[in-house]
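K.L.:
Here is how the chains run, residue by residue.
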Amino acid sequence: MSRALRGLGPLTRAYLLQSFRSGTAIFWNLVFPMVWLFLFGFVFYRGNPSLMMPGLFTITLISGAFFGVSYLMVSEREAGILRLYRVTPVSALTVVLANAIRAMVVLSISVGAQASVGWLVFRYEVTGSLVLTFFIMLLGGAAFVPLGMFVGSVAEDMRSAPAISNLLFFPLVFGSGAALPAFMLPGWLQSVMRMIPSSYLVEALQGVMLRGYGLAQLAGPIAVLLLTLVVGAWVNSRLFRWETSEPLDKRAMLTAIVVLTLLYVAAAMLAPAFEMIRPPGAP
Amino acid sequence: MIIQARGLRREYGDTVALQGLDIEIEAGGVVGILGPNGAGKTTFVETLEGLREPTSGSVSVLGMDPTTQGKALRERLGVQLQKTALPTELTVREMLELFASFYASALPSDSILEKVDLVPQADQKAATLSGGQQQRLVVGIALIHDPELVILDEPTTGLDPKARRDLHGVIRELREQGRTILLTTHYIEEAEHLCDRVIMIRDGEIVADGTPFDLVGQSSESSTIWIRVDGPMDPAPLVAAGVEELGQQGEHHKFTTTDPTTTVLALGDMLRSQGLRLVDLRLKRPTLEDVYLELMGDVPEDLAEVPR
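Residue numbers (the numbering used here), protein chains in the order written: chain D, 2 to 284; chain B, 2 to 309.
Just so you know, these hints were derived from the structure itself, not from any lab. Treat the hints with care, since some could be wrong.
[As the list claims (entries may be wrong)] As a list, the in silico DSSO-like pairs of lysine-lysine whose alpha-carbon atoms are at most 30 angstroms apart:
#1 B:K116 with B:K126
#2 B:K84 with D:K251
#3 B:K163 with B:K116
#4 B:K285 with B:K255
#5 B:K72 with B:K126
#6 B:K72 with D:K251
Looking at chain D on its own, in the form it has when it is part of the complex (with noise of 0.2 angstroms):
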């Protein structure tokens, strides 16, 4: 392995062990998912569980992204974990490439478990092709793992860490459609849900899995989404820090802000009208 990457293979290993061995973590990323599966299965969407799924999946990969890795960051820059890496050879890109790994293969679980529970318990169904609602959950939670860990950075302890993520879980999950249904939003809401980046992921995976549309009718989406993941690979690399009393690179850190900013303006005026706004059945 390049120098650059050197020990990137086993310090994605020793995350996941952590992970893996963690009674909080499995909590976290295995029952949570669950409790909201059944919660959506038997009491919101009662006798259509395939209308949930795409909400459900969006709902994991986004608290899994913000909680779960913005939380790991912090907590291992403010004990000190991460000065022990900084005095060995080992590059900050390793560790933001071995944090972003271990948050792929974690969410993979987390998703993976859902989809096999719930179509195990509610028999759902997918309309459109499995691998292209693969591919799309992947990019989903490519885009989001970025977005926790700008979070991550930015949080200066494990206090403002979870105002952080809490601020921006709520109108990810409740201003874009993976809660509620959005046909049931009121329509202002409807025009803010254009501005949220997990709209163009609940949008895509209804796109394929409830309506059967391949990959060049969710372009759309799919290329707001791989955006959002450019600008958080970019703005992480420049936003990692060993230990909190070292400067934030505000300079980076309000760009990332200001393009986001601009992509999902331009998204929310160029893009045509989300189709999950019309109620299901509805021509």
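Keeping the supplied structure of chain D fixed, place chain B upon it in accordance with the hints.
P.N.:
Using the frame of chain D, we list chain B on its own:
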């Protein structure tokens, strides 16, 4: 020269942590940085490690600039930090193997386990280790790549006497293998027994530098002399030679002197002229602790830590 600092200055806002240190350290041996909390010990070693940048002045470690050549430097430098934590869910062996993977070449983890005496704990998670075992593991991690220079920041603080002695054994072994060890401590007896050279710093300045033996010799603190003789003694000749009489302690006469060598000679003359025989002579030279207290005397016991 393995470490060279010139005019090394570090400020944190209005606080000056290091006020222009000039230090040269040659390869080989154990060098101790001794000073009270807040003296600048950690700032100094963390500057050597490249964790902090000097405000002004220059520093070179193993011929490299720690700020710009950190990666290359860390291949050859072993560091134990004062403030750190271990990932709790990994075992001792897993942790050593993880850290080994960060270096171009590393020792087998078994040899480190033996060196720091953690063979029985190899498959235990870090969270279940005692304080002393965790500290030995952190030192073991610092040694995994067989570094030429090892910097230990208060390696024995908070350890019980047995754990401290074990760690001293590890440090002595490194010294015998020709490594250079730089350690900070506020335990004076640790510096006295372990270090070939002691650099005392206070308020970010060097106040003493030398072997423990030489530092004690340079002290202006007085020595105490007790003598017991076989008859009545008139101490006037000793007092005339500048010795201060402190009266009797049991059957011993007690004196203090800043020049014990001359005093002993004067004592011999006095005994001969008074026809007395010396039954017992005890001499207490100042210790490194006396030298330390003399130099640090008015430093408050628990000066607040310098902000990071």
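K.L.:
Taking the numbered hints from earlier one at a time, note which ones the structure violates and give those numbers from smallest to largest.
P.N.:
When the structure is compared with the hints, none of them turns out to be violated.
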